[in-house]
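K.L.:
Chain residues, written in single-letter form:
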Amino acid sequence: MNNYFSIQDIDSLPDWVDEAIKIKKDPLSGKNLGRDKTIGLLFFNPSLRTRLSTQKAALNLGMNVIVMNFTGEGWSLEYGDGIVMNQGNSEHIKEAAQVVSQYCDVLGIRAFAKLENREDDYNEKVLKSFIKHSTIPVINMESATGHPLQALTDAITITENQKNKKPKVVLSWAPHPKALPQAVANSFVEMMQHMDANFVITHPVGFELASHITKQVPIDYNQKNALKDADFVYIKNWSSYQDYGKTLDNDLSWKMTQEKMELTNEAKFMHCLPVRRNVVVDDAVIDSKNSLVIEQANNRTYAAQLVLTKILEKS
Amino acid sequence: MNNYFSIQDIDSLPDWVDEAIKIKKDPLSGKNLGRDKTIGLLFFNPSLRTRLSTQKAALNLGMNVIVMNFTGEGWSLEYGDGIVMNQGNSEHIKEAAQVVSQYCDVLGIRAFAKLENREDDYNEKVLKSFIKHSTIPVINMESATGHPLQALTDAITITENQKNKKPKVVLSWAPHPKALPQAVANSFVEMMQHMDANFVITHPVGFELASHITKQVPIDYNQKNALKDADFVYIKNWSSYQDYGKTLDNDLSWKMTQEKMELTNEAKFMHCLPVRRNVVVDDAVIDSKNSLVIEQANNRTYAAQLVLTKILEKS
Amino acid sequence: MNNYFSIQDIDSLPDWVDEAIKIKKDPLSGKNLGRDKTIGLLFFNPSLRTRLSTQKAALNLGMNVIVMNFTGEGWSLEYGDGIVMNQGNSEHIKEAAQVVSQYCDVLGIRAFAKLENREDDYNEKVLKSFIKHSTIPVINMESATGHPLQALTDAITITENQKNKKPKVVLSWAPHPKALPQAVANSFVEMMQHMDANFVITHPVGFELASHITKQVPIDYNQKNALKDADFVYIKNWSSYQDYGKTLDNDLSWKMTQEKMELTNEAKFMHCLPVRRNVVVDDAVIDSKNSLVIEQANNRTYAAQLVLTKILEKS
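These protein sequence lines map, in sequence, to chains A, B and C. No gaps in the numbering here: position 234 of the first sequence is 234 in our numbering, and each next residue is one more. No gaps in the numbering here: position 248 of the second sequence is 248 in our numbering, and each next residue is one more. No gaps in the numbering here: position 112 of the third sequence is 112 in our numbering, and each next residue is one more.
So that you can see chain A by itself, here it is in the shape it has in the complex:
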């Protein structure tokens, strides 16, 4: 594998999920695979789970880890071709990516959506520029429009917890005080189209995700109706794709409650974290025995470790 940019880079999802679950049972079994290899983790945004779990995964493989908060610790990057660089940016991505490639064997990069201009975000300027100019494999640690390590984690977690062969999975929009990117929702929607699941998205009118991502997935604007008989309920806020980056009417009635969970088939509750308690979801739901959020975070390590294993085995 060259890069892990999106879930399109997964050649066989069932095999990957199986392998990740094997790694989880014996996390140090690949301890020699990464010996004398170095991963560079470049953060343009805050991170807790991704920051720590990716480090942990690399350490489990015996790799060296170099972490860099690019904003502040390095130079402000220019991405434009042919630009006269007489403004704020000190270094061009062409040099930065090539240079970093010489010190590391694998790169992880986090660069969120700015939510200012849809085309800019959906062009994935930062990640795609690093991939274009790097000479080593690049891992997406959440980009403007996708979070494929989270989606792989979610596939692992659903597989571990499903009771029937074709579970009903519901992705439900939730209210949030701030405008958030669509990245987690996008990758989850893409992932569910590769799993054997009865998958439904529910959100208020105006919060439709990009149609090139949702494709044929049914959308139900009635949350309660969508939740009926669900086996997994995945809650996530995202800002509008149409009225890009806007929160529109932040309808608090979409919060996940215990009452709504009772419409489901004793569904497991999922969220990528961090989560705003009692805005996105009630304490009673996230603290219930059906909440998988902590186990999801745990599985982040094994998703990252699987991706690193694939990359190291090929290099």
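No lab work stands behind these hints, which were simulated from the structure alone. One should not assume that every hint holds.
[As the list claims (entries may be wrong)] Quick list of in silico lysine-lysine cross-link-like pairs, DSBU-like style, CA-CA up to 30 Å:
#1 289/C with 132/A
#2 25/A with 31/B
#3 25/C with 132/A
[To be verified] Pulled from the structure, derived: some chain C residues nowhere near chain B, Cβ distances all over 10 Å:
#4 112
#5 114
#6 166
#7 211
#8 215
#9 216
#10 219
#11 228
#12 240
#13 266
#14 289
#15 290
#16 310
Note that the structure is a prediction, hence the values are computed from the model and not measured. Every residue, glycine too, gets a C-beta built ideally from N, C-alpha and C.
Starting from the structure of chain A, add chains B and C where the hints point.
P.N.:
Structure of chains B and C alone, referenced to chain A:
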């Protein structure tokens, strides 16, 4: 040992001090103890000695180290139970602590007093919340009201340098341009009550530490009188406990001078660092042959390494 | 070797360059040399190449690495002797340097020129104070007036790429939107005086570097004339030494263009990076087959690894 939250977690001080001194003589003797174990160091405040010495201690034990400046690199934490999280905080301590526990084997946490509300600080919200919700041992790297790694260091340093069986130890308040927490003074006072020492505190009226900490320790408002025949003089500024967080009258005459040191029994001079030269203490004193401040900082490594050894041996 | 403060610390440049090229061929050959040794990298300024390549060099030697952004993560340092520290600085360099020396075996320090006061910068307060008070070897990771790791890199790169025994090397000033330090230019000028090269400096009137550094090196105010028959063209902006820290007339006509490169003997193009494209140098030049900038950055690892090897072999 589960946690190292305060010096109450030391089961036998003489044994601990002996063991730390043994570690100091052969710092790599436990090199295999921490193999494939990871310590996560979470900083909510600046740190030089604690940051580096705790890393060094972990490396001496063969551990992996992950350092995170929580403020800025992660998400702003909410600690309140049942709160509707529609304000500035993005993540609840319940998730953060459980999640981090899955990536690490031990956690170190630094979270200073805010000096705004005494009850808030003395409730030790941050440290106690991490301890409550973590599933792995937690080490206090200076909390709102205590700095037990520093106090253990001080016990080691005094033991190494004492000439008589029951030395006279004086903790003397010093002036300072900024309001500082009571953490170092508190832990030192607690520690001295467990050592075989003739211990006296001296400070201006109004700077009394919490009575549940000072207990029966004699307080002398006359600095010169207190210093007479001292074997160890520990200088430290702290802000008022009564008029919480205030510096009151910042009496510069309390600075430690060579003239005052001459009242002592050739006392050793101690300070936890960083120190404001010529405000807290004169150059002549800190630069004298009786100054132990650099050796104290050195012993920080062995105090941390002892605590980690205790935790690793038990896990 | 005790310290690597300037290129004066190189005892035999040809031997050093040979050794660095050997290390480059087998970077892990010294993997045991740094076992159980720790390097502390202290940054007072941003860094990409130096940050990553020095870590990589240390990892290649099997060292532990502790990175600290001193500004923000630690305490603000005071450097003055006898100062009453009642202002903004919390810790004196005397303590900081001695303390850090106890946790590490080697220190790397980056502290740029402030460009406010020439005497302050050229006194090298930060680096020299750390060297004075540290008890372990100190490596200059770019100080106020020199960047000797870059200059060593440049010597390696020129040696690798020279076609004739005594190449013509031209250091040419370039325009830049911000005032930059003289550090890279200074160390390059010093280095060239130790190499068997026909070396010329070219810059507009008013941008003369310090005469104690340029010594007898010829200066040509006519850029095109200087470039004739050059084998290596090193481009770099620096602010004025005379009118200290000023950019004077930022003459855009000094930008390096393909047209100017055609005056040379198919010269190799060099720059330390980061570089402002189309201000300092045209895309056509930096993207040409004669551009060495990426290889220069690569050689940063081996320059640092050589310096560390010298230090470890002696300790």
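K.L.:
Now, for every hint given, state plainly whether the structure supports it.
P.N.:
Results of checking the hints against the structure:
no.: 1; hint: 289/C with 132/A; in the structure: 19 Å, holds
no.: 2; hint: 25/A with 31/B; in the structure: 26 Å, holds
no.: 3; hint: 25/C with 132/A; in the structure: 27 Å, holds
no.: 4; hint: 112; in the structure: 20 Å, holds
no.: 5; hint: 114; in the structure: 22 Å, holds
no.: 6; hint: 166; in the structure: 47 Å, holds
no.: 7; hint: 211; in the structure: 38 Å, holds
no.: 8; hint: 215; in the structure: 40 Å, holds
no.: 9; hint: 216; in the structure: 44 Å, holds
no.: 10; hint: 219; in the structure: 44 Å, holds
no.: 11; hint: 228; in the structure: 52 Å, holds
no.: 12; hint: 240; in the structure: 36 Å, holds
no.: 13; hint: 266; in the structure: 47 Å, holds
no.: 14; hint: 289; in the structure: 41 Å, holds
no.: 15; hint: 290; in the structure: 41 Å, holds
no.: 16; hint: 310; in the structure: 23 Å, holds
Checked against the numbered hints above, the structure violates none of them.
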